[in-house]
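As a plain string of letters, each chain reads:
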Amino acid sequence: MSDTTREQPMTPPKLLRRLDPAISTAFACIILLLVIGSFYSTSFLSPEYLLQQLKVASFLGVIATGMMIVILLGQIDLSVPWSVAVGGMMACAAAAYGPAGEILAIPFGILCGMVIGLANGIGVAYLRIPSMIITLATNAVAQGLMVVYTGGFSPQDSATSAMRYLATGFLLPGVPNAVLIWAIVGAAAVFVLTRTTFGRSVYGIGNRERAAYLSGINTRRIVLIAFVVSGALSAFGGVLLAGYASKAAQSMGDTYLLPSIAAVVLGGTSILGGRGSYLGTVAGVILITLLQSILSVMQMPEAGRQIIYGVVIIAMLLLYGRSPANR
Amino acid sequence: MSEWRYGLNEQRGTLMAVGIFLVMFVIYVSNHPAGLTANVVQTASNKGVLLAFVAMAQTLVVITAGIDLSVGMIFILTNALASWLVLGTPLETAFGVFAVLATGLACGALNGLIVIYGRLQPIVATIATGAVFFGIALLLRPFPGGSVNEDLADMMTGRIFGVIPSSLVALVAIVLLIWVPFSRSVLGRAAYASGSSEVAAYMSGVPIRRAKFMAYTLSGLLASIGGLFLTFFTYTGEAALASGNAYTLFSIASVVLGGVSLFGGKGSAIGAIFGALAFRTIGDLLFVFDFDPLWQPLFQGVVLLVAVSLGAFGLFRVRNRLEWFG
Chain A
1 MSDTTREQPM TPPKLLRRLD PAISTAFACI ILLLVIGSFY STSFLSPEYL
51 LQQLKVASFL GVIATGMMIV ILLGQIDLSV PWSVAVGGMM ACAAAAYGPA
101 GEILAIPFGI LCGMVIGLAN GIGVAYLRIP SMIITLATNA VAQGLMVVYT
151 GGFSPQDSAT SAMRYLATGF LLPGVPNAVL IWAIVGAAAV FVLTRTTFGR
201 SVYGIGNRER AAYLSGINTR RIVLIAFVVS GALSAFGGVL LAGYASKAAQ
251 SMGDTYLLPS IAAVVLGGTS ILGGRGSYLG TVAGVILITL LQSILSVMQM
301 PEAGRQIIYG VVIIAMLLLY GRSPANR
Chain B
1 MSEWRYGLNE QRGTLMAVGI FLVMFVIYVS NHPAGLTANV VQTASNKGVL
51 LAFVAMAQTL VVITAGIDLS VGMIFILTNA LASWLVLGTP LETAFGVFAV
101 LATGLACGAL NGLIVIYGRL QPIVATIATG AVFFGIALLL RPFPGGSVNE
151 DLADMMTGRI FGVIPSSLVA LVAIVLLIWV PFSRSVLGRA AYASGSSEVA
201 AYMSGVPIRR AKFMAYTLSG LLASIGGLFL TFFTYTGEAA LASGNAYTLF
251 SIASVVLGGV SLFGGKGSAI GAIFGALAFR TIGDLLFVFD FDPLWQPLFQ
301 GVVLLVAVSL GAFGLFRVRN RLEWFG
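Chains as they are written, first to last, in the working numbering: chain A, 1 to 327; chain B, 1 to 326.
Just so you know, these hints were derived from the structure itself, not from any lab.
C-beta atoms are modelled at their ideal positions from N, C-alpha and C, and glycine is treated no differently.
A portion of the hints provided could be inaccurate.
[To be verified] Anything over 10 Å on all C-beta distances counts as not near chain B; from chain A, calculated:
| id | residue |
| --- | --- |
| 1 | 20 |
| 2 | 37 |
| 3 | 43 |
| 4 | 175 |
| 5 | 249 |
| 6 | 272 |
| 7 | 309 |
[Stated by the list, open to error] With the C-beta cut set under 8 Å, the calculated list includes, among others, these residues of chain B facing chain A:
| id | residue |
| --- | --- |
| 8 | 24 |
| 9 | 113 |
| 10 | 116 |
| 11 | 118 |
| 12 | 129 |
| 13 | 134 |
| 14 | 139 |
| 15 | 143 |
| 16 | 147 |
| 17 | 252 |
| 18 | 298 |
| 19 | 304 |
[As the list claims (entries may be wrong)] Far from chain A by the CB rule (all over 12 Å, computed), these chain B residues:
| id | residue |
| --- | --- |
| 20 | 43 |
| 21 | 70 |
| 22 | 84 |
| 23 | 157 |
| 24 | 159 |
| 25 | 185 |
| 26 | 253 |
| 27 | 292 |
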């Protein structure tokens with residue numbers, strides 16, 4: 001994580017000045033959660049536990065990265081649940097086809113996610129369908145395809161050893177591979193968003209697509225690419241999750257839609273687009289993961305978790321996510 | 001343009017929905033092994049009416065250029081609540097029905113408060129309140145169960161004079177009691193105005209906030225009527241996440257099929273009702289043609305995808321490319 005923060009070459013006073021109140025609130029909440037957790041159980045602050053949390057967070061982190069790029073455009077991607085499931089299930093399905101399938105499993109899973117993203121992108125960018133509608137529709141189609149594919153039963157194929165290694169192995173001693181992958185994805189996202197024309201265009205379109213178009217940006221292509229990237233990252237998250245659980249499941253993505261939106265929005269990215277930094281998303285992802293962890297340590301039933309999620313998101317949004325009063 | 005042609009143009013979306021429904025229903029009935037009997041109509045109407053109520057709920061919000069992704073969850077929550085309360089003596093049952101409707105009203109009002117006075121984006125705000133509503137439903141019914149006053153349930157799902165499905169009568173009654181007065185009131189017109197151009201509506205001194213609040217609140221009420229009917233049909237309450245999500249999704253599909261513009265300001269709940277009935281009939285077509293039920297989710301997804309893509313035809317009329325970015 002620290003390498004993503006170090007990416008931004010800023011001197012401390014400038015950093016303080018530019019630090020979004022939302023991001024500092026999110027980090028303050030993380031510290032608060034850790035303090036509360038340490039009262040509850042002494043092992044809460046142990047390095048093993050924190051590393052374990054970071055590993056769990058990295059799956060959400062990869063998925064939230066794609067969601068963030070789409071939200072920066074002022075759009076939303078509600079096809080995350082089945083993009084994740086399609087990624088995991090198709091990677092496992094490819095693995096059943098001999099050695100070539102083993103090698104192609106991960107790219108094939110991601111490719112399927114990109115196809116969903118492509119459908120979303122064409123709908124939003126070229127057909128001008130509101131993103132929340134078209135992504136709901138592609139989500140339903142992806143679900144339908146997977147139901148037909150599995151025949152309604154839970155999928156039987158299991159993950160390849162490469163997928164398991166990516167999700168649970170250790171390339172560097174002490175650092176889980178999943179965390180490493182999130183760091184790479186995050187560093188790439190920071191680079192693309194702050195150092196490339198694509199990134200600047202994303203912010204520009206999010207602020208005002210009409211102005212971006214008039215200043216010569218091919219806005220439709222940028223929007224299309226952003227949705228494809230989001231689909232690919234969701235599917236990649238699904239591949240990692242399938243590797244973590246060593247098999248895919250039909251509902252594996254359902255628990256990632258709300259947290260991924262929440263992580264992005266809690267990190268100070270404006271839901272209207274055009275404003276937000278990746279550091280905030282990192283904070284949001286860790287915040288959500290810690291919240292989930294504390295609730296499960298407290299043995300909160302599913303009902304309570306859902307209520308607390310909803311309330312926390314609305315409360316945080318009311319704190320700093322409100323639209324301007326006069327329109 | 002003469003006046004009747006103008007009126008016809010205004011109702012084009014609704015008429016299209018009626019047309020799609022009629023065509024689909026004729027195909028459905030003519031291929032149904034039993035043909036057009038009172039029983040077939042009763043089953044079709046009972047299934048369609050549930051979605052029709054949720055679609056009406058969605059319409060009210062969509063007209064104000066918002067969206068309510070929690071309608072499915074209000075539907076599930078009130079179903080779970082009704083399986084506890086709508087029981088016992090007629091007086092207790094009446095109290096239960098009242099409490100369920102009040103809960104729906106309160107859920108809608110909460111959405112309205114957060115979206116309008118909290119100034120949050122309706123998508124995120126209603127996803128979050130939806131999670132809260134589902135959590136409460138899960139608290140009420142961790143496992144499927146409960147029961148309902150069966151006399152009332154049979155009355156609401158049966159037939160009047162052996163011919164007319166009473167659920168359909170209830171739907172018409174609700175339209176007359178809620179939709180017609182609302183759409184003809186000052187607040188209803190204000191809801192349309194704020195959906196079609198909020199700035200213009202604001203400048204003309206239209207009560208935007210009260211209109212939107214009313215729309216969200218009534219939307220909650222309509223979703224709870226749907227939840228009540230779900231309890232009448234199933235005799236139980238169940239906090240099913242998949243079912244709540246499906247109803248939210250289908251309500252959007254129905255609204256689109258019903259000619260209600262997702263950008264707000266255009267369309268009517270009547271159109272959405274026919275959209276819902278048409279969507280249900282399309283889903284059931286698979287059964288009369290003996291398809292594997294496994295294909296149903298895919299088929300409904302494709303119908304939804306095609307329905308939302310139809311709106312893109314408006315792009316061909318655009319002369320100035322800048323209008324793409326509306």
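For each hint, the structure was consulted:
Consistency note on residue 20 (chain A): stated as away from chain B, and its beta-carbon is indeed over 10 Å from all of that chain's, at 18 Å minimum. Here residue 37 (chain A) stays apart from chain B, with its beta-carbon at least about 22 Å from theirs, past the 10 Å limit. For residue 43 (chain A), the condition that its CB be more than 10 Å from all CB atoms of chain B holds, with the nearest at approximately 28 Å. For residue 175 (chain A), the requirement that its beta carbon stay farther than 10 Å from each beta carbon of chain B is met, with the minimum near 33 Å.
A cut-off of 10 Å between C-beta atoms confirms that residue 249 (chain A) is not in contact with chain B; the least separation is 14 Å. Not every beta carbon of chain B lies more than 10 Å from that of residue 272 (chain A), the smallest distance being close to 7 Å; the non-interface claim is violated. The Cβ of residue 309 (chain A) does not lie farther than 10 Å from every Cβ of chain B; its closest approach is about 5 Å, which violates its non-interface assignment. Among the interface hints, the one on residue 24 (chain B) is violated; its C-beta lies about 19 Å from the nearest C-beta in chain A, farther than the 8 Å criterion.
With 8 Å as the threshold, the beta carbon of residue 113 (chain B) stays out of range of chain A, its nearest partner Cβ sitting at about 10 Å, so the hint is violated. Restraint check, residue 116 (chain B) versus chain A: the minimum CB separation of about 11 Å is more than 8 Å; hint violated. A cut of 8 Å between beta carbons decides the hint on residue 118 (chain B): the least distance to chain A is about 5 Å, and the hint holds. At about 6 Å, the closest approach between the beta carbon of residue 129 (chain B) and any beta carbon in chain A falls short of 8 Å, and the interface hint on this residue holds.
Given hint, residue 134 (chain B) at the interface with chain A, holds; its Cβ is 5 Å from that chain's nearest Cβ, closer than 8 Å. Interface restraint check for residue 139 (chain B): the shortest CB-CB distance to chain A comes to about 4 Å, inside 8 Å, so the restraint holds. Interface hint status for residue 143 (chain B): violated, as the beta-carbon distance to the closest one in chain A is roughly 12 Å, over 8 Å. Annotation: residue 147 (chain B) was flagged as interfacial toward chain A, and the flag is violated, the nearest CB pair being 21 Å apart, outside 8 Å.
A distance limit of 8 Å between C-beta atoms decides the matter here; for residue 252 (chain B) the minimum to chain A is near 6 Å, and the interface restraint holds. Because the beta carbon of residue 298 (chain B) sits about 3 Å from the nearest beta carbon in chain A, less than 8 Å, this interface hint is met. Interface hint status for residue 304 (chain B): upheld, as the beta-carbon distance to the closest one in chain A is roughly 5 Å, under 8 Å. With a minimum CB-CB distance of about 24 Å to chain A, residue 43 (chain B) clears the 12 Å threshold, and the non-interface call stands.
A beta-carbon of chain A comes within 12 Å of the beta-carbon of residue 70 (chain B); the shortest separation is about 9 Å. Consistency note on residue 84 (chain B): stated as away from chain A, and its beta-carbon is indeed over 12 Å from all of that chain's, at 15 Å minimum. Once the 12 Å rule is applied to beta carbons, residue 157 (chain B) is consistent with being away from chain A; the minimum gap is 28 Å. Remark: the non-interface label on residue 159 (chain B) is consistent with the geometry, its nearest Cβ contact in chain A lying 33 Å away (cut-off 12 Å).
With a minimum CB-CB distance of about 24 Å to chain A, residue 185 (chain B) clears the 12 Å threshold, and the non-interface call stands. Annotated as non-interface, residue 253 (chain B) brings its C-beta within 12 Å of a C-beta of chain A; the closest such distance is 8 Å. With 12 Å as the threshold on Cβ separation, the claim that residue 292 (chain B) sits away from chain A is violated: the shortest Cβ distance comes to roughly 8 Å.
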